[in-house]
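These protein sequence lines map, in sequence, to chains A and B. So in our numbering, spot 110 of the first sequence is number 112, and the numbers just go up one at a time. So in our numbering, spot 40 of the second sequence is number 42, and the numbers just go up one at a time.
Among the clues, some could well be false.
Not the full set, but computed from the structure, chain A residues with beta-carbon under 10 Å of chain B [claimed, not checked]:
#1 Leu103
#2 Leu114
#3 Arg145
#4 Arg163
#5 Val222
No lab work stands behind these hints, which were simulated from the structure alone. Ideal placement from N, C-alpha and C gives every residue a C-beta, glycine not left out.
Read off the chains here:
2 protein chains.
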Amino acid sequence: MPGGPRIITLFSGGMDSAAALFQCLEKYGRESVLALSFRYPSKHNVHELGAARNILGYLGPEAPPHRIMDMTSCFGGSKSHLLRNGGEIPDGHYAADNMKLTVVPGRNLIFLSVAAGLAESLGAEKICIAAHHGDSHIYPDCREPFLRAADETIALSTEGRVRLAAPFAGMNKSEIAAQGKRLGVPFALTRSCYKSRQKPCGRCGACTERREALASIGLVE
Amino acid sequence: MPGGPRIITLFSGGMDSAAALFQCLEKYGRESVLALSFRYPSKHNVHELGAARNILGYLGPEAPPHRIMDMTSCFGGSKSHLLRNGGEIPDGHYAADNMKLTVVPGRNLIFLSVAAGLAESLGAEKICIAAHHGDSHIYPDCREPFLRAADETIALSTEGRVRLAAPFAGMNKSEIAAQGKRLGVPFALTRSCYKSRQKPCGRCGACTERREALASIGLVE
Chain A
3 MPGGPRIITL FSGGMDSAAA LFQCLEKYGR ESVLALSFRY PSKHNVHELG
53 AARNILGYLG PEAPPHRIMD MTSCFGGSKS HLLRNGGEIP DGHYAADNMK
103 LTVVPGRNLI FLSVAAGLAE SLGAEKICIA AHHGDSHIYP DCREPFLRAA
153 DETIALSTEG RVRLAAPFAG MNKSEIAAQG KRLGVPFALT RSCYKSRQKP
203 CGRCGACTER REALASIGLV E
Chain B
3 MPGGPRIITL FSGGMDSAAA LFQCLEKYGR ESVLALSFRY PSKHNVHELG
53 AARNILGYLG PEAPPHRIMD MTSCFGGSKS HLLRNGGEIP DGHYAADNMK
103 LTVVPGRNLI FLSVAAGLAE SLGAEKICIA AHHGDSHIYP DCREPFLRAA
153 DETIALSTEG RVRLAAPFAG MNKSEIAAQG KRLGVPFALT RSCYKSRQKP
203 CGRCGACTER REALASIGLV E
């Protein structure tokens, strides 16, 4: 990457961000992409990061560079059941109100801000997030008005040098799965479950939505 | 602070953020204010944090709670002469183009995002930044359009629970100095110089602007 990346894509190791990564690779080529992961104190973070590494390992020589930024200290005062110091992860569908307990206040904005700062420093013109419409009922920082405002804020912060791409903002998870299938995403290597144990629980909102989305493209795990 | 803070004010230990802190204390009372400082790899950060602690020590029992968040890892890929891994801090007035070398890409957006996340977790309804018009020529993340967009983004991220206050956005540094004088800010305890040594250089942009602003209220250091 002699000239630095053109696009930095947020890459958690989940199925949505994996599909976004593969789409960036198709559009920009591996020389122009940087995959950015975050270490932060969610219960499933260690498994997400493992999945991220496994997916890049699967890509082998076609994998883009990968950077993991440690954001642990940024969430030292945060309250959420998704975090290790929070309560139990609720079971059930994302549409259920108790899934709101898994919102991490400010998470996407913090991640986008750090990615935008890194992009400006490296000369990248875009950052990419896989936020999608299916999450927008629960997570305010996945909604299109938020993503548009974040793009404008980042543009003003960088004098227009960095913009935000949210290619899945208007899509649901099944549409992302279909797109990922076309792009060859190894879904079996991705991680969705919000809980702390290695083996996915199959019952939390993340597992439930994953199962439905993968079933829609004929995949049963 | 049994019910948690109502406002979190960014407090670097510089004269502007000290004036903002004193204004918050006057308006909200110490029980409702949290002073938030950041550890990050700027050359002068250790001196800023020392100044922040000294100012709070000066306030004694009137000091609000203070929190220092470690953001070091967020700036691991950042390029700026303000940072310890960057080039020399230029001398001269802020209006000079070479002062642009001291822009830290994304800094205010990163700080505001983390503050907004903390505010939402603690139930605070506002965050406050001392960005002012005098810095806006050089720093895009001190300009009013940026601050308005950041406020909108934070509001959308928090479903309106947190808003951004930027009380000095339309003021210059001399006006802030006058306001700080009225509020009893101990300017001698604040730190402005961008350089790494303990003793202020008197020549960098930060020292130059500080001297002019303090002179305007009759203070000579």
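These are the hints, each one checked on the structure:
Using the Cβ-Cβ criterion of 10 Å, the hint placing leucine 103(A) at the interface with chain B is not satisfied: the shortest such distance is roughly 13 Å. Given the 10 Å rule on beta carbons, the hint for leucine 114(A) holds: about 8 Å separates it from the nearest Cβ of chain B. With a cut of 10 Å, the hint placing arginine 145(A) at the interface with chain B holds, because the nearest CB-to-CB distance is about 7 Å. At a threshold of 10 Å, the smallest CB-CB gap from arginine 163(A) to chain B is about 9 Å, leaving the interface hint in force.
At its closest, the beta carbon of valine 222(A) sits 36 Å from a beta carbon of chain B; the interface hint therefore is violated under the 10 Å criterion.
Consistency with the previously given hints fails for numbers 1 and 5, ordered from lowest to highest.
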